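Novice: The listed protein sequences correspond, in order, to chains Z and E. Just remember that our numbering sits 26 ahead of the position in the first sequence, which is counted from 1. Just remember that our numbering sits 26 ahead of the position in the second sequence, which is counted from 1.
It is worth saying that the hints were derived from the structure and are not from the lab. All of these numbers come straight from a predicted model, not from anything done at the bench. Even glycine gets a Cβ: it sits at the ideal position worked out from N, Cα and C. Treat the hints loosely; a few may be bogus.
[Unchecked claim] Example chain Z residues on the side facing chain E (calculated, C-beta under 7 Å, incomplete):
(1) N48
(2) F52
(3) L53
(4) N233
(5) N249
(6) V322
(7) T333
(8) G340
Number of protein chains: 2
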Amino acid sequence: MTGPHSSSEPDLTDIFARVDENRQEFLDRLFDYLRRPSISAYGEGIGEVAEYIAGVLSRMGLEARVIPTEGWPMVFAERHDAPGTPTVLLYGHYDVQPPDPLDAWTSPPFEPTIRDGRIYARGAGDNKGQHLAQLLALETTLSCRGKLPCNVKVLLEGEEEIGSPRMPDFVREHRDLLATDLVITSDGPVDASGRPRILFGVRGVLNFELRARGAARDLHSGNWGGVAPQPLWTLVQLLATMKDSRGEITIDGFYGNVLPPTELEREALAGLPVDEEAVKRSVGIKEFEPPHGRGVAERLSSWPTFTINGLYGGYAGPGSKTVLPSEAVAKCDIRMVEAQTAEEIFAKVKAHVARHAPDVEVVWHGGMDPSRTPLDSPFTEPIRRGISAAQEDPLLVPAMGGSLPDYVWTKTLGVPAFGVPYANADEANHAPNENLEVERFFSGIKTGAAMLAYLGALET
Amino acid sequence: MTGPHSSSEPDLTDIFARVDENRQEFLDRLFDYLRRPSISAYGEGIGEVAEYIAGVLSRMGLEARVIPTEGWPMVFAERHDAPGTPTVLLYGHYDVQPPDPLDAWTSPPFEPTIRDGRIYARGAGDNKGQHLAQLLALETTLSCRGKLPCNVKVLLEGEEEIGSPRMPDFVREHRDLLATDLVITSDGPVDASGRPRILFGVRGVLNFELRARGAARDLHSGNWGGVAPQPLWTLVQLLATMKDSRGEITIDGFYGNVLPPTELEREALAGLPVDEEAVKRSVGIKEFEPPHGRGVAERLSSWPTFTINGLYGGYAGPGSKTVLPSEAVAKCDIRMVEAQTAEEIFAKVKAHVARHAPDVEVVWHGGMDPSRTPLDSPFTEPIRRGISAAQEDPLLVPAMGGSLPDYVWTKTLGVPAFGVPYANADEANHAPNENLEVERFFSGIKTGAAMLAYLGALET
Numbered sequence: 027m028t029g030p031h032s033s034s035e036p037d038l039t040d041i042f043a044r045v046d047e048n049r050q051e052f053l054d055r056l057f058d059y060l061r062r063p064s065i066s067a068y069g070e071g072i073g074e075v076a077e078y079i080a081g082v083l084s085r086m087g088l089e090a091r092v093i094p095t096e097g098w099p100m101v102f103a104e105r106h107d108a109p110g111t112p113t114v115l116l117y118g119h120y121d122v123q124p125p126d127p128l129d130a131w132t133s134p135p136f137e138p139t140i141r142d143g144r145i146y147a148r149g150a151g152d153n154k155g156q157h158l159a160q161l162l163a164l165e166t167t168l169s170c171r172g173k174l175p176c177n178v179k180v181l182l183e184g185e186e187e188i189g190s191p192r193m194p195d196f197v198r199e200h201r202d203l204l205a206t207d208l209v210i211t212s213d214g215p216v217d218a219s220g221r222p223r224i225l226f227g228v229r230g231v232l233n234f235e236l237r238a239r240g241a242a243r244d245l246h247s248g249n250w251g252g253v254a255p256q257p258l259w260t261l262v263q264l265l266a267t268m269k270d271s272r273g274e275i276t277i278d279g280f281y282g283n284v285l286p287p288t289e290l291e292r293e294a295l296a297g298l299p300v301d302e303e304a305v306k307r308s309v310g311i312k313e314f315e316p317p318h319g320r321g322v323a324e325r326l327s328s329w330p331t332f333t334i335n336g337l338y339g340g341y342a343g344p345g346s347k348t349v350l351p352s353e354a355v356a357k358c359d360i361r362m363v364e365a366q367t368a369e370e371i372f373a374k375v376k377a378h379v380a381r382h383a384p385d386v387e388v389v390w391h392g393g394m395d396p397s398r399t400p401l402d403s404p405f406t407e408p409i410r411r412g413i414s415a416a417q418e419d420p421l422l423v424p425a426m427g428g429s430l431p432d433y434v435w436t437k438t439l440g441v442p443a444f445g446v447p448y449a450n451a452d453e454a455n456h457a458p459n460e461n462l463e464v465e466r467f468f469s470g471i472k473t474g475a476a477m478l479a480y481l482g483a484l485e486t
Numbered sequence: 027m028t029g030p031h032s033s034s035e036p037d038l039t040d041i042f043a044r045v046d047e048n049r050q051e052f053l054d055r056l057f058d059y060l061r062r063p064s065i066s067a068y069g070e071g072i073g074e075v076a077e078y079i080a081g082v083l084s085r086m087g088l089e090a091r092v093i094p095t096e097g098w099p100m101v102f103a104e105r106h107d108a109p110g111t112p113t114v115l116l117y118g119h120y121d122v123q124p125p126d127p128l129d130a131w132t133s134p135p136f137e138p139t140i141r142d143g144r145i146y147a148r149g150a151g152d153n154k155g156q157h158l159a160q161l162l163a164l165e166t167t168l169s170c171r172g173k174l175p176c177n178v179k180v181l182l183e184g185e186e187e188i189g190s191p192r193m194p195d196f197v198r199e200h201r202d203l204l205a206t207d208l209v210i211t212s213d214g215p216v217d218a219s220g221r222p223r224i225l226f227g228v229r230g231v232l233n234f235e236l237r238a239r240g241a242a243r244d245l246h247s248g249n250w251g252g253v254a255p256q257p258l259w260t261l262v263q264l265l266a267t268m269k270d271s272r273g274e275i276t277i278d279g280f281y282g283n284v285l286p287p288t289e290l291e292r293e294a295l296a297g298l299p300v301d302e303e304a305v306k307r308s309v310g311i312k313e314f315e316p317p318h319g320r321g322v323a324e325r326l327s328s329w330p331t332f333t334i335n336g337l338y339g340g341y342a343g344p345g346s347k348t349v350l351p352s353e354a355v356a357k358c359d360i361r362m363v364e365a366q367t368a369e370e371i372f373a374k375v376k377a378h379v380a381r382h383a384p385d386v387e388v389v390w391h392g393g394m395d396p397s398r399t400p401l402d403s404p405f406t407e408p409i410r411r412g413i414s415a416a417q418e419d420p421l422l423v424p425a426m427g428g429s430l431p432d433y434v435w436t437k438t439l440g441v442p443a444f445g446v447p448y449a450n451a452d453e454a455n456h457a458p459n460e461n462l463e464v465e466r467f468f469s470g471i472k473t474g475a476a477m478l479a480y481l482g483a484l485e486t
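For reference, chain Z alone in the conformation it holds in the complex (with noise of 0.2 Å):
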């Protein structure tokens, strides 16, 4: 494909009428789905579903196949109507959270039950009833038209919620099996306000730990304070020379490949509608983390950030304990933007380490680069169209906080990803009384064949 530009006004009062008349049967089928537990954290359930969804697939007449992993297997579907215009891949996840703590539910997790307009089930946001809305999209285009107006490929992950392990090397695997126009990953919630967004990019992150080792036991304070390493001062004097209370990151070198937000990406985040107020009382604080004078978008999308997960040694008991611990070990995560990548920030805070303290142990515990991509792509448009037709007008989100692996499309792929997320902002995803709004499911189904209808559109 060279060159789309943007097109004609595609209908889609045939489709939108089919999704209405549907409803019933459609929430019929998500709820079939819901009520196969897909945990891949503990295995329960996951290659029959894997099985499961590849049959309904299937049957909508896509060609459909499961791939087998060293872990839970890959969903794969395709179908090509439309030569010359864009190949788009839509990309989601059939494995679901743990449901636990289960007491807490006031549904069973895998008995979906509507209760004030809201699907509730596990897995109904995160991310069955998102990818499954896709999915009905294409079905429901199919028996209106009788063909996809562009060319789809489907992929479903049964393992996203145990960090897509295998994604990496299944994407670089299998480039011609993948190869595609844009990605569409329909996950996470709207804004807040409830509006429809497109989310051009993920922040990286890198997980390491640091430890750090004394004696050979732990001692008496008092016998051996003085005398003995102390390694929780150790941690905590390294530490304080990687971040600076004014909240500058001071790992040497660690800014050196930042990318600025380009002038459209400025402007989209000045353009969301935060109340930051609002966000402070959210979450019980009074002031956001230094350096003050950044907006909350901004703070996520543009500036690497530097969090200890979790930070310990010695005693954790009420009162006091005279001890003099031999061990501490701090849990860190660097959440990283355009164009840095974990391999180099993770090689940098070695560096930084081994100059500064360099007894102290550092170990990996996984990476993912972050993605961007440019607001200016030319599935912006469509996309926003696709959005604008079904539900409104969509934010422009230059990247969220989060981390996501989207850099194997937009990387490993080298191809534009957007995320354009369906459930509503308080799905409880990963939490008890996971839900999903009844009627944002089926404004996802139309958004979902809209998309498709703009980008099929696209003069190539």
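Once you have looked at the hints, place chain E on chain Z.
Specialist: This is chain E only, laid out in the frame that chain Z set:
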């Protein structure tokens, strides 16, 4: 008492012979005492043991009584046979540490057993074996001479192993009862070389905790990193302002009241036989804590230290977790030297924290002031000679690194206080298989008698 001077050499032949004759009986008496659990932490058996040891003191011919407190009672006894001689207060404690873990004991903790020349039992060294040796010294002296060579008071506490919470008030409120010229405590071990020693001081200790809070709950590090304040970073950055990587404590004004060691103390420290490489090997360290160039004895005796006993917040499990913790706690102790006080240093900590991290809470967990008796006290020489007569010439230790409430003697009562330990260095106090070398029990009895004889021979 005014102006004591060194005096004639007492003859101890009959007393030492009597100790040798009564070895089996004295061991039986010790075993009977050790068989009675008196665990202050659990309250087990402790009231009965107070009555028991008061009975022992009465039968020896001392005026003994059990004095109730809001906790476990004090056992007090006295005998005034020698007007014009010093009064010495012998302090010890009849409570013991819990024996856990029980399965690590070779023989049960409350069934005293002799193996390889050692008495194994909870309390053998800490402290029943040591203060019973002092009491048997009184008994033997009385049986040989019909009277004691100086005036004696005995105070046995029942809460030493839970931090002596009642001692400061008890001493303040019983100044007249406890009025004395000096205090001798036989607790802890002799020098690692096996040589006896006299301890002239202890470091003080201040226990406190720093609490930092961020959001009302733990947050996702991707969604909130760079937005929500991070209490672990707050603590790291605060602590880094309190002690630097060269080992200097940088709390504002911290060293203001530190009295440098006297010339006599410096000489004594230089004379202590410390094998620094053996010290390092014993706990598996390569280097001492910075700063370098200080001897181990000097570190423990003459320098305050700041230990992080425990630091924790966030995730402590395997692997990684992308959490931004909402709370972090550092438990700390500061060991103080003359003339710092717990109250003064706590005020300095609070002021420092208020300046550098005003939202961090500082929680007091108790404190004990340091204590220091001058090496040239008039009582040093008789105590030294008594030890020499029964064992060998003792080492003089200006202060030990740990903390005991000796300030109640030196500051509340205003009298010199001496530690004269009888136990072997590997007594395993507070640990399984606590033990006391049999010969040290008997030499302890002789030492106790000899010290009294030399004190009684002081010309006043």
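Novice: Which of the listed hints are broken here?
Specialist: Numbers 1, 2 and 3 - these are the hints that the structure violates, sorted from lowest upward.
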